[in-house]
Each structure stands twice: as C-alpha cells, then as structure tokens.
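With the hints as a guide, dock the two chains, each given alone in a separate frame, to form the complex.
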Amino acid sequence: NAGVTQTPKFRVLKTGQSMTLLCAQDMNHEYMYWYRQDPGMGLRLIHYSVGEGTTAKGEVPDGYNVSRLKKQNFLLGLESAAPSQTSVYFCASSTGQRKNGGELFFGEGSRLTVL
Amino acid sequence: DAKTTQPPSMDCAEGRAANLPCNHSTISGNEYVYWYRQIHSQGPQYIIHGLKNNETNEMASLIITEDRKSSTLILPHATLRDTAVYYCIVRATGNQFYFGTGTSLTVIP
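In order, the protein sequence lines correspond to chains Z and F. Under my numbering, residues 1 to 115 are what the first sequence spells out, in order. Under my numbering, residues 1001 to 1109 are what the second sequence spells out, in order.
This is chain F alone, in the form it adopts within the complex (with noise of 0.2 Å):
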C-alpha cells in the first residue's frame, strides 16, 4: 500500500491561495489520491479526490503530478476556518484508507 509524505506545518495568510504539497512516489496506477482535512478534534472531512487528471470542486482544486508521484491540494482564498490538519491519502487497492499524520495548516490574518 502507497504511503504518503506531507510537510508537518505550514502558514498562509488569510486570501492568500494555500498550496499544500503531498508525496506519494509509490503509488500504483489504480490508486485514487484522496484529501481530508481534520477541524479541531472532529471527525475527518472529504474534501476532493482524483486519479490522474486534476480536479475542482467548489473546496479545492487537486493538482495531480504526470508522473503521479506527487500531487498539490490548493484552497484559492484561504480563510481563518481552513486552519486544520490536512491529510493526503491513497485509497489502497482493498478500499483501505490510511491516514498518515498529515499537515497541520494555520491561516494568518
């Protein structure tokens, strides 16, 4: 199963694009790159997903390397309430989801 790699910590200023990088250099060529992110101690939140082409939603844009090897969360106008912990993970083959620690994003006024 691919594992991941994210920074620990990052800041953005408030209305400021934040761009959250992930690694996943092992991942096959049916796994699904997923992104939750975490508010304080509630349950996990879905935020976009993406096999190889990138991908919008009304939350996030999903940037998706060639390669596959690494992909880029972006929020295009961060606000105080995307401070959270953000995780980058891929779907295993068996509908596993392993979370890794994740990065923990402060958005600056």
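Here chain Z stands alone, though its shape is the one from the complex (with noise of 0.2 Å):
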C-alpha cells in the first residue's frame, strides 16, 4: 500500500516553462489536494477536488491549474512558471468523513525550483 505518490520529487524549471506534478492515491479517496509550503511557512492550500471530475480553488489558486481525470489522479500544472512558485509543493488525500477520522494523508513533497 503505496498512500499518496508524488511525482516528480525534485525538478528546476527556467522561467516560463511549463510543467505537470502527479499526485497518485491508492486508498479510494475521495478528497485531494494540493499545498505549498515556503521556508518558514505553513502549508497554502492551491486547490482541491470532492471527487473525480471536480475542482474547485483554494487560498492561492494563482498560476496554477488542476484536473481529476481519474479518482485516483490529481494533478497540478504550471503553464507558464515562475521564480515566485519556487516552493515544495504537498498533495494529500482524504476520504472526507467527519465523525471518522477523515485525515489528511500526505505525499512526501515535490521540490520545484524556478530560474
């Protein structure tokens, strides 16, 4: 039982170039998201998706774009980067219950640097 894969871990990109983070689960959920976190910062919330075929925004949607093509997938583009995403970016699933657990379960990072 993998949990939650990110891929790829590390990638440098050059201003401009575009890129696709792929965040695979392998526990049904039906809940995922996409976080970045800065040196010294907690983690912002990019977007999110309730389900296959849906996504909706979070704090800091800009720049960035997302699909849920497959329940189990959940990826996040850059189409056109820049220095200011340079960050470690976290995908985290859930099943979205309430009363039982319901927690996030994360991947374990993906380090973009931006030239």
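By construction, these hints were calculated from the structure, which means they are not laboratory data. Ideal placement from N, C-alpha and C gives every residue a C-beta, glycine not left out. One thing to keep in mind: the hints can contain errors.
[Stated by the list, open to error] Which residues of chain F face chain Z? A few of them, derived with a C-beta cut under 10 Å, are:
| id | residue |
| --- | --- |
| 1 | M1010 |
| 2 | C1012 |
| 3 | A1013 |
| 4 | Y1032 |
| 5 | Y1034 |
| 6 | S1041 |
| 7 | Y1046 |
| 8 | H1049 |
| 9 | A1060 |
| 10 | T1083 |
| 11 | N1095 |
| 12 | F1097 |
[What the hints assert, rightly or not] Computed Cβ-Cβ distance ranges for the label pairs, DEER-style:
| id | chain 1 | residue 1 | chain 2 | residue 2 | range |
| --- | --- | --- | --- | --- | --- |
| 13 | Z | K71 | F | T1093 | 18 to 28 Å |
| 14 | Z | G3 | F | H1077 | 43 to 53 Å |
| 15 | Z | D26 | F | N1057 | 22 to 32 Å |
| 16 | Z | P61 | F | N1023 | 26 to 36 Å |
| 17 | F | G1094 | Z | G40 | 38 to 48 Å |
| 18 | F | D1067 | Z | G16 | 48 to 58 Å |
| 19 | F | R1081 | Z | Q72 | 23 to 33 Å |
| 20 | F | P1008 | Z | Q72 | 35 to 45 Å |
| 21 | F | K1069 | Z | G3 | 49 to 59 Å |
| 22 | Z | L22 | F | D1067 | 23 to 33 Å |
| 23 | F | E1058 | Z | M27 | 54 to 64 Å |
Written out as structure tokens, the structure reads:
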C-alpha cells in the first residue's frame, strides 16, 4: 500500500516553462488537495477536489491549474512558471468523512525550483 | 472558516509532558479540530482530532474546552523525536484544511 505518491520529487525549471506534478493515491479517497510550502511558513492550499471530475480553488490558486480525470490521480499544472512558484508542493488525500477520521494523508513532497 | 492561533515556538524537557495550546475562538458547532505535525520537510503527519470531547490515542491527548474556543495537544512523555512543527487546524465545512504557521516544538535533552 503506497498511500500518496508524488512525482517528480525534484525539478528545476526556467522561467516561462511549463510542467505538471502528478499525485496518485491508492486508498480510494474522494478528496484530494494540493498545497505549497515556502521556507519558514505553513502549508497553503492551492486547489482541491471533492471527487472525480471536480476541482475547486483554495487560498492561492493563481498561476496553477488542476485536473482530476481519474479518482486516484490529481494533477497540478504550471503553464508558465515564475520564480515566485519556487516551493515545496505537497499533495494530500482524504475520505472526506467527519466523525470517523477523515484526516489528510500526505505525500513526501515535490521540490520545485524556478530560475 | 475558523482560523487558529498558536505560539510560534515552545521548548520541552525530554520525558516531560508537552502541552501545545491553540486558540480557535471563531469555530462553528460542527467543525472539527485536527492536529498534525511536520518533521523537517516531510509531509505532515496526522496526530489526533476531536469535536467536543477530549480524545486520546497512542500518540497524544486532545483537550477541548467546553466552549470549544481553544484546545491543547498533550504529548505525555516527550522524546527528541517529537521535535517538529505542530499545526492546529479547524476543518472547514467544505472539507478544506487550512494550515497556519504552527508551533515549533523543541524537545531538549
């Protein structure tokens, strides 16, 4: 049981390049989330999904797009990378239940540097 | 969505109980309180959550005040491996989890 897997784990981009981060979960979770974490700061929610085919904006959605074509995958795209998007990106998933757990399960993170 | 306030840092002697406070004065009646911790730059790890009653599991205890405006995470016997950033989060009604800056706990030998 792999849990939540993020690929790639490291990437260096030049300003203006595009890329996609892939998040895969094997727990049949309905909810999936993308966060970014900058040095010395907490996690900020970028986008999330409440089920296959759905996406919604979080706190800091600008400059990012997401897609949830399959229940197990949640993709985060950067169409034109900027240095301000240099960060560590975390994906998480959840059952969405309230009383019985519903906690977030996180991947190990993807470190992105934009030059 | 309810916000949380935590002290930025705390120290605790190894073997003693670590009590981490959190204020969530705008919490709604059906919003749960969750605690996570993050060691170095790893993905955050779930610790415990609760609604009204106090909760205990193998990792920690969660004490929620009767008015639900604050809570305390208790690590009963802190070890060096408990050094981490601890996040208190109020789960929003839309199932979003908004992290603040957390409390950096240092366990001292």
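Taking the hints in turn, this is what the structure says about them:
Among the interface hints, the one on F:M1010 is violated; its C-beta lies about 16 Å from the nearest C-beta in chain Z, farther than the 10 Å criterion. With its C-beta approaching chain Z no nearer than about 21 Å, F:C1012 sits outside the 10 Å limit, and its interface hint is violated. Interface hint at F:A1013: violated, since its Cβ lies 25 Å from the closest Cβ of chain Z, which is beyond the 10 Å cut-off. Among the interface hints, the one on F:Y1032 holds; its C-beta lies about 6 Å from the nearest C-beta in chain Z, closer than the 10 Å criterion.
At about 6 Å, the closest approach between the beta carbon of F:Y1034 and any beta carbon in chain Z falls short of 10 Å, and the interface hint on this residue holds. For F:S1041, the shortest C-beta to C-beta distance to chain Z is roughly 6 Å, which falls under 10 Å, so the interface hint holds. With a cut of 10 Å, the hint placing F:Y1046 at the interface with chain Z holds, because the nearest CB-to-CB distance is about 4 Å. At a threshold of 10 Å, the smallest CB-CB gap from F:H1049 to chain Z is about 6 Å, leaving the interface hint in force.
Using the Cβ-Cβ criterion of 10 Å, the hint placing F:A1060 at the interface with chain Z is not satisfied: the shortest such distance is roughly 13 Å. About 16 Å separates the beta-carbon of F:T1083 from the nearest beta-carbon of chain Z, more than 10 Å, and the hint is not met. This hint holds: F:N1095 has a C-beta 5 Å from the nearest C-beta of chain Z, less than the 10 Å allowed. A cut of 10 Å between beta carbons decides the hint on F:F1097: the least distance to chain Z is about 6 Å, and the hint holds.
Remark: the range hint 18 to 28 Å for Z:K71 to F:T1093 is upheld by a beta-carbon distance near 23 Å. Separation of Z:G3 from F:H1077 is about 28 Å and departs from the stated range, judged on CB atoms against 43 to 53 Å. One distance hint, 22 to 32 Å for the beta-carbon pair Z:D26 and F:N1057, holds here, with the actual separation near 24 Å. For the hinted restraint 26 to 36 Å between Z:P61 and F:N1023, the CB-CB distance of approximately 28 Å keeps it satisfied.
At about 28 Å, the CB distance of F:G1094 to Z:G40 disagrees with the hint of 38 to 48 Å. Between F:D1067 and Z:G16 the beta carbon distance is about 52 Å. The supplied range of 48 to 58 Å therefore holds. For F:R1081 paired with Z:Q72, a C-beta distance near 32 Å keeps the hint of 23 to 33 Å intact. Checked against the hint of 35 to 45 Å, the pair F:P1008 and Z:Q72 passes, with Cβ atoms roughly 37 Å apart.
At roughly 34 Å, the beta carbons of F:K1069 and Z:G3 sit outside the given window of 49 to 59 Å. The beta-carbon spacing between Z:L22 and F:D1067, approximately 44 Å, falls outside the hinted interval of 23 to 33 Å. At roughly 21 Å, the beta carbons of F:E1058 and Z:M27 sit outside the given window of 54 to 64 Å.
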